[in-house]
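Enquirer: Read off the chains here:
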Amino acid sequence: MNAQMFFFIVFALIAIISAVLIMALERIAHRVVAMAFSFFAVAAIYFLLGAEFIGIVQIMVYVGAITILFVFGMMMTEHRNVGFGPDPRKTQQILGFVGVGFLLAFMLYAIVTADLPNSGEPYVGSAEIIGLELYGHYFIAFIGSAFLLTSALIGAVVIARKEAD
Amino acid sequence: MCHGILKEKGVGMMHYAWLIPVFPLITFLILLVAGRVLKEKVAYIGIAGLALSFLLSVLVLLERIGGETYTYVLNWMTVGENVVTMGYEVTALNAMMLIVVTLVSLVVHIFSKEYMKEDDRIHVFFAYLGLFSFSMLGLVLAPNILQLFIFWELVGLCSFLLVGFWYFKPEAAAAAKKAFLITRIGDVGLLIGLVLLFNRVGSFNYAEIYTAVEMDQLSAPMITTIALLIFLGAVGKSAQFPLHVWLPDAMEGPTPVSALIHAATMVAAGVYLIGVMYPLFLASSTAMTVVAYTGALTALFAATMALVNNDIKRILAYSTISQLGFMILALGTAGYVAGLFHLMTHAFFKALLFLGAGSVIFAVHHRQDIRDMGGLWGKMKVTSVTFLIGSLAIAGIFPLAGFWSKEEILASTLINGDGFLFLIALVTAFLTAFYMFRLFFKTFTGEFKGGDLNDPTEETFNEQAAWEATQSAEVGLDAGYEERKVYPNHQEVPENEPRENAGLMTFPLMVLAVLAVIAGFINAPFLGHQLEAFLTAGLNVGTQPHGALWLAFLSVAVAVAGISLAWAMYVKGFIREDFFSSKAPSIHKLFQNNYYLDDIYLAVFVRPTKEISLLLWEMDKTIVDGVITLIGSLTSRSGKAMGKHQDGQLQTYGLVTVFGGMVVIGLAFAVRGYFG
Amino acid sequence: MVSITLFLALAAILFCIGLYGVLTRRHLVIVLASIELMLNAVNINLVAFSAIGPFANITGQVFTLFVITVAAAEAAVALAILIALYRNRNSIDVLKHDLLRW
Chain A
1 MNAQMFFFIV FALIAIISAV LIMALERIAH RVVAMAFSFF AVAAIYFLLG
51 AEFIGIVQIM VYVGAITILF VFGMMMTEHR NVGFGPDPRK TQQILGFVGV
101 GFLLAFMLYA IVTADLPNSG EPYVGSAEII GLELYGHYFI AFIGSAFLLT
151 SALIGAVVIA RKEAD
Chain B
166 MCHGILKEKG VGMMHYAWLI PVFPLITFLI LLVAGRVLKE KVAYIGIAGL
216 ALSFLLSVLV LLERIGGETY TYVLNWMTVG ENVVTMGYEV TALNAMMLIV
266 VTLVSLVVHI FSKEYMKEDD RIHVFFAYLG LFSFSMLGLV LAPNILQLFI
316 FWELVGLCSF LLVGFWYFKP EAAAAAKKAF LITRIGDVGL LIGLVLLFNR
366 VGSFNYAEIY TAVEMDQLSA PMITTIALLI FLGAVGKSAQ FPLHVWLPDA
416 MEGPTPVSAL IHAATMVAAG VYLIGVMYPL FLASSTAMTV VAYTGALTAL
466 FAATMALVNN DIKRILAYST ISQLGFMILA LGTAGYVAGL FHLMTHAFFK
516 ALLFLGAGSV IFAVHHRQDI RDMGGLWGKM KVTSVTFLIG SLAIAGIFPL
566 AGFWSKEEIL ASTLINGDGF LFLIALVTAF LTAFYMFRLF FKTFTGEFKG
616 GDLNDPTEET FNEQAAWEAT QSAEVGLDAG YEERKVYPNH QEVPENEPRE
666 NAGLMTFPLM VLAVLAVIAG FINAPFLGHQ LEAFLTAGLN VGTQPHGALW
716 LAFLSVAVAV AGISLAWAMY VKGFIREDFF SSKAPSIHKL FQNNYYLDDI
766 YLAVFVRPTK EISLLLWEMD KTIVDGVITL IGSLTSRSGK AMGKHQDGQL
816 QTYGLVTVFG GMVVIGLAFA VRGYFG
Chain C
842 MVSITLFLAL AAILFCIGLY GVLTRRHLVI VLASIELMLN AVNINLVAFS
892 AIGPFANITG QVFTLFVITV AAAEAAVALA ILIALYRNRN SIDVLKHDLL
942 RW
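Protein chains in written order, with the working numbering: chain A, 1 to 165; chain B, 166 to 841; chain C, 842 to 943.
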């Protein structure tokens, strides 16, 4: 049990528990906070893996921007309501649980039996290498994602805007 | 003459023969488009069109006499190695027919102008007349039997339209339907015959068919089959036994139409068909026998039915059937010229009789029962005299047209037929004279029995009344209009007695009367059988029989006997009118009821067909529809059941997708042993 | 070093929790959050293979960046739709939005 393993277990537990809390908590605001925690834990996992740049981006985009976005979304809709009362769809919940459980079992079985080799030290992806890749090999995709973000920005504004009467 | 100049250039009048049917077609199209606007003037357009056609027909005939057959065809389509052509042809036979058709049609047009003047749909009437003339002229000009068939069907359509002209009258609508359907039976036979002919000969052209028959390209049974099938078409169209039942009912149409149908167009088409296909018939003695006996039986039966009828138009209708039987009989006994000669003379005097009857009906305010007539002799001078001429002509009194043609028919039956046929022909001739003069005496002599013509209590259901009924229903609020329509046949306050009609109606009668007198001379023996020489030139239709002098005397004697009997019964009363009917009431009844043929058809064909149809309908409803309904309801029910699960809930879909994905993964796992 | 199997197992667990949320939560904002969670799980996979996989290289991390980009755009548009939906139908309950049914 070295330090890495320790930190991995800690952050993994935080991520999983936060994720469960997103589903379980009563208030929407609490759920969003749990979500932020979950994202943060995932960022920590990235650091553990030696992907510092991705980890920083994860904190900035997910923990920062998207969480704030969710807070806005929550505020502009039914944030006061604490749930919608008892769910009428018991079958849906049970079947959902069963189905997802089976899927998880499948995946875990696959992961365990895949017998992946364990390399020693992690490959450290620095910001420089990522930048070179982005502006070299993936230049067109990079520009494409720029267009995607622009159009998403405009689209979001257009959709969310109040229709002129 | 202009055609002389044209001839020098090598293009004769016959080259323009195709214009003859085109004129009526143009009038039809004009009236179709502008009929409503032109109103009363439509008659002039129709008359003008037909007059042009008639003029052209005369020119064509003049050129054809002493000329050659002119044929002009274009290739229409190529079927394998055979070419189907379209075009026109001027032969001796159709040059004659052109004159007959255009003349009678023209006269009918003129007559209709007066007769139909009060009808609000006069433009439609004249448009139909134009189409009818066009169809018949096209039929006559056709150089091949396929084109003939096309126009043949058009003629059938036009007669349907015209017989059912007063379609708001149920009888008229039924009669039109009957005419159409019954002639259809014959048309099917004709069509099969056509197909067989094309199959064996490889051409529809008359000339090539004649050649094929002469060169023995067809086996004898095949010739008989084809001839009989074609004859079936003629039986339907020319109202021969047993398909004659439509013709009396066709009297529901306006009287001028009856004149046109009976004299020049519809029924003449059947005889004409046999005429153009004559070499084919001549080649099969079986077919000839069938033709002859059909004609003879029809002539006799129709004449007996005419004896007892009281409707002036129906008597004439039966008389037409009977005379058509005569023509068919003549053709069936190798009397090619005799049959066609009678077709021509009959066209003139039958048109005359029908238009005369129309004139009478018009004068007595659309009554048709001869028991309500009488004593018109003094009141309707022109009509009476011309009608008498027509009656004498049809009875076959020397020297009127009917005498010459009827004598030739008797000659051909005597020489080429057997004694039985000759006897039937003689008896029929006697009956013809009798029933025609029964009609004549009852209508024109004695006292007028129609009572007060303006008596509204008088039961005068007729075409005009029915028309008015619908009219007044349509314009119910327009009181002034209705008042104007009360007595549609006379402009001013009508008199209580029948009187002669306007000149436009009597003029056609006079023209036809003249023709009924002189038309026979064109084939008179002492003038050298001109028509025979004309018609048979270049055609191989066998030698034409001619009767001895005694036959002519016999023929006239029989006719005179018939007339005398009628005179004795209906004028002098030597013999009581009900003498025969009281002696043999069953036979009387048999005649009156059309030999129960309609009832037999009803019982044998119509009812069983209806029963079977009902049965099939039930089967269709229960079994076929049942299965379909079952499948349908199964589908919709299962659809509904499935639809319940399609609840629009995103998450339900997602769940199904998850399970679906798992099934795929599970299958991969089971089959391949997990991604291996 | 921690075995890659554990990272993959963590990703699978997070993914399944997100999927369960998508399938069962009624609040649309939470459904969206669950989707983000699933995307995160995928990212963990990518980064794990990029760092300590059999063929460790930078590509996984580049793709993670793209996924984050797309996720951000998706979140923005989805929330905009959600707001419009709420304004028009006055509810963000998944059960209330079933207009596309048979």
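Note that these hints are calculated values from the structure, not bench results. The C-beta atom is built at its ideal place from N, Cα and C for all residues, glycine as well. Hints may contain errors.
[To be verified] The calculated label-pair distances, taken between Cβ atoms and stated as ranges, are: (1) A:Ile140 to C:Phe896: 19 to 25 Å; (2) B:Met807 to C:Phe896: 54 to 60 Å; (3) A:Phe7 to C:His938: 38 to 44 Å; (4) B:Met807 to A:Ala3: 36 to 42 Å; (5) C:Pro895 to B:Gly797: 20 to 26 Å; (6) A:Met76 to B:Tyr818: 40 to 46 Å; (7) C:His938 to B:Met807: 18 to 24 Å; (8) C:Asn931 to A:Ala24: 25 to 31 Å.
Enquirer: Between Met807 of chain B and Phe896 of chain C, is the Cβ distance one that fits in 54 to 60 Å?
Expert: Once the Cβ atoms are compared, 47 Å apart, the range 54 to 60 Å for Phe896 of chain C and Met807 of chain B is violated.
Enquirer: State, for the Cβ atoms of His938 of chain C and Met807 of chain B, whether the hinted interval 18 to 24 Å holds or is violated.
Expert: 21 Å, holds
Enquirer: With respect to the beta-carbon atoms only, verify the hint that Pro895 of chain C and Gly797 of chain B lie 20 to 26 Å apart.
Expert: Cβ of Pro895 of chain C to Cβ of Gly797 of chain B: about 60 Å, so the range 20 to 26 Å is violated.
Enquirer: CB of Ile140 of chain A to CB of Phe896 of chain C, is that within 19 to 25 Å?
Expert: 24 Å, holds
Enquirer: Mind checking the hinted window 36 to 42 Å against the Cβ distance between Met807 of chain B and Ala3 of chain A?
Expert: With a Cβ separation near 57 Å, Met807 of chain B and Ala3 of chain A fall outside 36 to 42 Å, so the hint is violated.
Enquirer: Per the hint of 38 to 44 Å, is the separation of the Cβ atoms of Phe7 of chain A and His938 of chain C within bounds?
Expert: 42 Å, holds
Enquirer: Given the range 25 to 31 Å, decide if the beta-carbon distance of Asn931 of chain C to Ala24 of chain A lies inside it.
Expert: Hint holds: Cβ distance 27 Å, inside 25 to 31 Å.
Enquirer: Taking the beta carbons of Met76 of chain A and Tyr818 of chain B, is their distance inside 40 to 46 Å?
Expert: With Cβ atoms ~27 Å apart, the hint is violated.
Checked against the numbered hints above, the structure breaks hints 2, 4, 5, 6 and satisfies the rest.
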